[in-house]
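Protein chains: 2
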Amino acid sequence: MNNKKIVIVGGVGGGASAAARARRLDEMAEITMFEKGPGISFSNCSLPYYLGGLIPDADSIILKTPEQFQKQYNIKAIVNSEVVDVDPLEKNVRVKNTVTGEITKTDYDELILSPGAKPIMPQSIKGIDKKNVFSVRNVVDIKNIQKYLTDNKVKSVAVIGGGFIGLEVCENLVQSGKKVSLIEANSHVLGTIDDDFAQIVQKNLYDNGVDLHLEDSLIEIFDDHIRLRSGIEVKANAVIMAIGVSPETELAEKIGCKLGVTGAIAVNQQYETSVPNVYAVGDAIEVTNRLTRKKTKLSLAFPAQMEARDAIDHIYKRPIENHGVIGSQVIHLFDLNVASTGLNENDCQKNGFDYRFVTVIPQNRVGIMPDTSPIYLKLIFSYPSGEILGAQALGKSGVDKQIDIVATMITMHGHISELTHLELCYSPWFSTAKNAVNVAALVAENILNGEYEQIPVTKVRQLIEKGAFIIDAREPDEYANGHIVTSKNIPLSQFRQRLAEIPTDQKVYIHCQSSQRSYNMVRALNNLGYTNIINISGSYLELCEYEYFKDQTTDRQAIVTNYL
Amino acid sequence: MNNKKIVIVGGVGGGASAAARARRLDEMAEITMFEKGPGISFSNCSLPYYLGGLIPDADSIILKTPEQFQKQYNIKAIVNSEVVDVDPLEKNVRVKNTVTGEITKTDYDELILSPGAKPIMPQSIKGIDKKNVFSVRNVVDIKNIQKYLTDNKVKSVAVIGGGFIGLEVCENLVQSGKKVSLIEANSHVLGTIDDDFAQIVQKNLYDNGVDLHLEDSLIEIFDDHIRLRSGIEVKANAVIMAIGVSPETELAEKIGCKLGVTGAIAVNQQYETSVPNVYAVGDAIEVTNRLTRKKTKLSLAFPAQMEARDAIDHIYKRPIENHGVIGSQVIHLFDLNVASTGLNENDCQKNGFDYRFVTVIPQNRVGIMPDTSPIYLKLIFSYPSGEILGAQALGKSGVDKQIDIVATMITMHGHISELTHLELCYSPWFSTAKNAVNVAALVAENILNGEYEQIPVTKVRQLIEKGAFIIDAREPDEYANGHIVTSKNIPLSQFRQRLAEIPTDQKVYIHCQSSQRSYNMVRALNNLGYTNIINISGSYLELCEYEYFKDQTTDRQAIVTNYL
Numbered sequence: 001m002n003n004k005k006i007v008i009v010g011g012v013g014g015g016a017s018a019a020a021r022a023r024r025l026d027e028m029a030e031i032t033m034f035e036k037g038p039g040i041s042f043s044n045c046s047l048p049y050y051l052g053g054l055i056p057d058a059d060s061i062i063l064k065t066p067e068q069f070q071k072q073y074n075i076k077a078i079v080n081s082e083v084v085d086v087d088p089l090e091k092n093v094r095v096k097n098t099v100t101g102e103i104t105k106t107d108y109d110e111l112i113l114s115p116g117a118k119p120i121m122p123q124s125i126k127g128i129d130k131k132n133v134f135s136v137r138n139v140v141d142i143k144n145i146q147k148y149l150t151d152n153k154v155k156s157v158a159v160i161g162g163g164f165i166g167l168e169v170c171e172n173l174v175q176s177g178k179k180v181s182l183i184e185a186n187s188h189v190l191g192t193i194d195d196d197f198a199q200i201v202q203k204n205l206y207d208n209g210v211d212l213h214l215e216d217s218l219i220e221i222f223d224d225h226i227r228l229r230s231g232i233e234v235k236a237n238a239v240i241m242a243i244g245v246s247p248e249t250e251l252a253e254k255i256g257c258k259l260g261v262t263g264a265i266a267v268n269q270q271y272e273t274s275v276p277n278v279y280a281v282g283d284a285i286e287v288t289n290r291l292t293r294k295k296t297k298l299s300l301a302f303p304a305q306m307e308a309r310d311a312i313d314h315i316y317k318r319p320i321e322n323h324g325v326i327g328s329q330v331i332h333l334f335d336l337n338v339a340s341t342g343l344n345e346n347d348c349q350k351n352g353f354d355y356r357f358v359t360v361i362p363q364n365r366v367g368i369m370p371d372t373s374p375i376y377l378k379l380i381f382s383y384p385s386g387e388i389l390g391a392q393a394l395g396k397s398g399v400d401k402q403i404d405i406v407a408t409m410i411t412m413h414g415h416i417s418e419l420t421h422l423e424l425c426y427s428p429w430f431s432t433a434k435n436a437v438n439v440a441a442l443v444a445e446n447i448l449n450g451e452y453e454q455i456p457v458t459k460v461r462q463l464i465e466k467g468a469f470i471i472d473a474r475e476p477d478e479y480a481n482g483h484i485v486t487s488k489n490i491p492l493s494q495f496r497q498r499l500a501e502i503p504t505d506q507k508v509y510i511h512c513q514s515s516q517r518s519y520n521m522v523r524a525l526n527n528l529g530y531t532n533i534i535n536i537s538g539s540y541l542e543l544c545e546y547e548y549f550k551d552q553t554t555d556r557q558a559i560v561t562n563y564l
Numbered sequence: 001m002n003n004k005k006i007v008i009v010g011g012v013g014g015g016a017s018a019a020a021r022a023r024r025l026d027e028m029a030e031i032t033m034f035e036k037g038p039g040i041s042f043s044n045c046s047l048p049y050y051l052g053g054l055i056p057d058a059d060s061i062i063l064k065t066p067e068q069f070q071k072q073y074n075i076k077a078i079v080n081s082e083v084v085d086v087d088p089l090e091k092n093v094r095v096k097n098t099v100t101g102e103i104t105k106t107d108y109d110e111l112i113l114s115p116g117a118k119p120i121m122p123q124s125i126k127g128i129d130k131k132n133v134f135s136v137r138n139v140v141d142i143k144n145i146q147k148y149l150t151d152n153k154v155k156s157v158a159v160i161g162g163g164f165i166g167l168e169v170c171e172n173l174v175q176s177g178k179k180v181s182l183i184e185a186n187s188h189v190l191g192t193i194d195d196d197f198a199q200i201v202q203k204n205l206y207d208n209g210v211d212l213h214l215e216d217s218l219i220e221i222f223d224d225h226i227r228l229r230s231g232i233e234v235k236a237n238a239v240i241m242a243i244g245v246s247p248e249t250e251l252a253e254k255i256g257c258k259l260g261v262t263g264a265i266a267v268n269q270q271y272e273t274s275v276p277n278v279y280a281v282g283d284a285i286e287v288t289n290r291l292t293r294k295k296t297k298l299s300l301a302f303p304a305q306m307e308a309r310d311a312i313d314h315i316y317k318r319p320i321e322n323h324g325v326i327g328s329q330v331i332h333l334f335d336l337n338v339a340s341t342g343l344n345e346n347d348c349q350k351n352g353f354d355y356r357f358v359t360v361i362p363q364n365r366v367g368i369m370p371d372t373s374p375i376y377l378k379l380i381f382s383y384p385s386g387e388i389l390g391a392q393a394l395g396k397s398g399v400d401k402q403i404d405i406v407a408t409m410i411t412m413h414g415h416i417s418e419l420t421h422l423e424l425c426y427s428p429w430f431s432t433a434k435n436a437v438n439v440a441a442l443v444a445e446n447i448l449n450g451e452y453e454q455i456p457v458t459k460v461r462q463l464i465e466k467g468a469f470i471i472d473a474r475e476p477d478e479y480a481n482g483h484i485v486t487s488k489n490i491p492l493s494q495f496r497q498r499l500a501e502i503p504t505d506q507k508v509y510i511h512c513q514s515s516q517r518s519y520n521m522v523r524a525l526n527n528l529g530y531t532n533i534i535n536i537s538g539s540y541l542e543l544c545e546y547e548y549f550k551d552q553t554t555d556r557q558a559i560v561t562n563y564l
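Note that the protein sequences, when read in sequence, are chains A and B.
For the first sequence, our numbering assigns the number 564 to the last residue and increments by one with no breaks.
For the second sequence, our numbering assigns the number 564 to the last residue and increments by one with no breaks.
If we strip away everything but chain A, and leave its shape as in the complex, we get (with noise of 0.2 Å):
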């Protein structure tokens, strides 16, 4: 028999990870990989930190050179080389050196597809053309970007888009002492959070000195400005383009590949194409959501990885299982960690799921130790049935942890009642005795067994508005410190001797620091036989966040007096 063939179109993460697969499998293979750009197996998330210096060698991005591959695993990588066609009945590759435009044949018996997705860059943006355009994909582009900056001394830099990589270059930009501007079309950033929580990290953004662009777009760049479709002028030296990255899908179209309702290149189990012998992998395909069951596009490095060794175990007759994805994540903004697992309200509400959510927000380690910070952890699950759906946490420290806990449970398909009780490692160094996803899973029980009501804060201002009747349930001393301004301070620990000043004739909701106290204060009012008692879920912590960036954004009447 002869040795088999295997040709892989792109040398990053799908691809690097299929070659060393399929070498791992068979020594006698021939494995070959063709990649457009000058370097191959570079870590695409670590982009960003070149351009705020933490790595202070773009080069060393590059995780392995063709040579350490030739040299390790007798794989053969070649840069600089664009597939431009394939022929799926001779099973050859005709490939493109993109320096000197040598047209080389290539024979296979598997052809791996890894193309990746291209920032999306619209046309109808007048200027998208301009040199002082840039998008963040390769090591080329962020050696780019960083000569253009040094050279023409750029001090203002306006990124486009704030998902991930929007965010994180503009975290970069500004500790490299730039003057950034974030442009976003939605009403909030990071779409894989919802409102409430992208208002803490907005207020992030602002608070390191971020000129934040909600709702609005940009429609012509200019040497010094950009102007957007407000009308806005924003100055800026630079544009780096992060709205949005498209499947690479042309090669594959060109022979026939079949693409699926996304646009990307639909797979089957075994990450086979509608071609024979030709499989894809990575972020050009289109993968199931394990929650929704619907199709979706996701560009991460793990799912790629997998996703490229699965392929070639099958083509090695390995028994593989492709259970879809939920879509992990976490980001670190300034001193704020933001991570996220499976579905947000949005996705919820979008596939008509019936769904409920609870946030909490206790401390990362046990308050009696130094450096103690709030994590911000919200959990949404299925009604009534009791799934974990998803997660969102925010803090400086724990929050990866906490979503990594929810998105294994997930996994797992675990219930929040498995949540509860959920064994984790305590000491006060590393978390309090009950974990944040514990508490939150104790009160989403609560919600299920409909133990009492809740609001959350998004909706105080509205409560205020409407003249609603507020608890503070906090100590004197901290309601002196700030408060909504309609609040009655009835602290949890005298509410039992001032009963009379509770209505029973409209609603009254109860807030405290973090929750903890109203709920306990709800409890009892409840078990007393007031029915009219709802919890402000997430409580002064929360609101105080959530209600400051929109003080410092809106001519709106600020609701909490210490930031009067």
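Because the hints were derived from the structure by calculation, they are not lab data.
It is possible that some hints are incorrect.
Which copy? The list can't say, so a pair holds if one copy fits it or any two copies do.
Subject to a maximum C-alpha distance of 16 Å in a straight line, what follows is the list of computed EDC-like cross-link-like pairs (lysine to aspartate or glutamate) [claimed, not checked]:
| no. | residue 1 | residue 2 |
| --- | --- | --- |
| 1 | Lys126 | Glu233 |
| 2 | Lys317 | Glu451 |
| 3 | Lys396 | Asp207 |
| 4 | Lys71 | Glu475 |
| 5 | Lys295 | Glu465 |
| 6 | Lys459 | Glu445 |
| 7 | Lys396 | Asp26 |
| 8 | Lys64 | Asp216 |
| 9 | Lys179 | Asp211 |
| 10 | Lys5 | Asp87 |
| 11 | Lys64 | Glu475 |
| 12 | Lys4 | Glu321 |
| 13 | Lys105 | Glu82 |
Please read all numbers here as calculations on a predicted model, not as lab measurements.
Could you slot chain B onto chain A? The hints should help.
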């Protein structure tokens, strides 16, 4: 109907949780909590941090005072009050005021015993009652220790017992400038982890100046030194006993509660003892290990809190489920964190479980980011069923996360194959694209599939002594910086040209830095038909850590050149 009278014995983790839960379910209940000591609701786990100065105020460790319990929860929390007898027929408790000696009587409908566990102070040790001998159970204890150390200008302290408390006390005393000796009767510290990983912990202790005595025990205490079973005398002006705790069963036994096989109080699924209307929770009870299904004792905060909550729920006729415990734990020790969950090798052996394990050493985040550090992760799984049984992790950062993920998988009955594809958060700031647990599971799957053979670093010394053929697959510059004395350097990048140097008539053991390159070489050689190839799991990184401590404490010849 009269208000329910709930009496709780013990005012720390379990007791305080039970009281607060009862109040939330029943505003009218008469809840009384008796605590023998002077403080309730303190964070036991935080006690050692006062000794090191991280928590400067010992009283801050008391999270809630009796006054706060009264005001916020309308709960009577009565300190310095020991419940000395119970009349289960008349349903009342007799309480002795430990200050005045006065005895009073309180009626109950439901009684919750949460007396905790007491430090073991063997009377067989001569001098155990001397005034320079302490234990660490409550705030009074640590104040006494601190006062004694200060008043007597103590410079040398002996800590007896290398479990969690002993190690935390060690660290904190070292931080406060003491010369610390640690005496451990077993062959290694921390019974929750295996010998191989314990060696790394011991290296850490050694590096931080702790004078460690293994397989030795305390015989006699003097004013300025102690004598060990081995005859060794160790300088110590104060002794802290941390050899373990024993459940407080005296009261329970007195009133007729049955004890279990472990000597702790026996309870049913609902935490009821054998005496009607008497519940028991926390460190004093016997629990069931979820994995071995055997009875055990477990002194951890989170299970105690959940048991208390569940007991109260049962009193209020709420259904509860009691799935047993897995024992997730974490400790901070100088710059090393040590976490574990589920079963270790020793547990598996004792229970006759067929198991395998893998050790991987990925970085805590992408290698090109600053401040990366290795995570030593050991994953234990049943063979051949692939059920995840336990994990241990060591490292400067991120180990609690990896272990919490495994703890979640164990709880959800996860299989190795599910862990391989578990989609966790990734950004270069937080982890590698494949998290450490994914890497471990991928290797574990290979072991399950019988893809290659491995041997742990614990066997390498033996291999060398027997003259085994060991290949170091790292690059020549790495080899030059230190290697196993008898190893031959055949880098992964050269072996295909040097096959002639690899024997076929004897076993060949291969290692690299972290097992990744050696793994690739093993696979390639297997594919080429070699049947004599064995990977050294853990490789050079773990070997150096493992053998380092031995070299410092034994006269055996060093096997790693850079420690000669």
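Could you place Lys317 and Glu451 in one of the four classes (within, between, both, neither) given a Cα distance threshold of 16 Å?
between (53 Å within a copy, 15 Å between copies)
Is it within a copy, between copies, both, or neither that the alpha carbon of Lys126 lies no farther than 16 Å from that of Glu233?
Cα proximity of Lys126 and Glu233: one copy only (14 Å, versus 84 Å across).
Classify it for me, Lys105 with Glu82: is the Cα-Cα distance of at most 16 Å met within a copy, between copies, both or neither?
For Lys105 and Glu82, only the intra-copy Cα distance (11 Å) is at most 16 Å; the inter-copy one is 88 Å.
For Lys295 and Glu465, with the copy left unspecified, which applies at a CA distance of at most 16 Å: within, between, both, or neither?
neither (42 Å within a copy, 58 Å between copies)
Between copies, within a copy, both or neither: which fits Lys459 and Glu445 at Cα up to 16 Å?
For Lys459 and Glu445, the Cα distance exceeds 16 Å both inside one copy (22 Å) and across copies (49 Å).
Quick one: Lys71 to Glu475, C-alpha cut-off 16 Å, is that within a copy, between copies, both, or neither?
between (68 Å within a copy, 11 Å between copies)
Within, between, both or neither, where Lys396 and Asp26 count as close if Cα-Cα is 16 Å or less:
neither (45 Å within a copy, 37 Å between copies)
Homomeric proximity label, Lys5 with Asp87: Cα distance no greater than 16 Å
Within. Shortest intra-copy distance 15 Å satisfies the 16 Å Cα cut-off; inter-copy 83 Å does not.
How would you classify Lys396 and Asp207 at a CA-CA limit of 16 Å: within, between, both, or neither?
within (15 Å within a copy, 31 Å between copies)
At most 16 Å between CA atoms: does that hold for Lys64 and Glu475 within a copy, between copies, both, or neither?
Between copies only: 14 Å across chains, 59 Å inside a chain, cut-off 16 Å.
Under a CA distance limit of 16 Å, which applies to Lys4 and Glu321: within one copy, between copies, both, or neither?
Neither: 24 Å inside a copy, 55 Å across copies.
At most 16 Å between alpha carbons: which applies to Lys64 and Asp216, within, between, both or neither?
Result: close neither inside a copy nor across copies, 41 Å intra and 50 Å inter.
Going down the numbered hints, you'll see the structure goes against 5, 6, 7, 8, 12, while the others check out.
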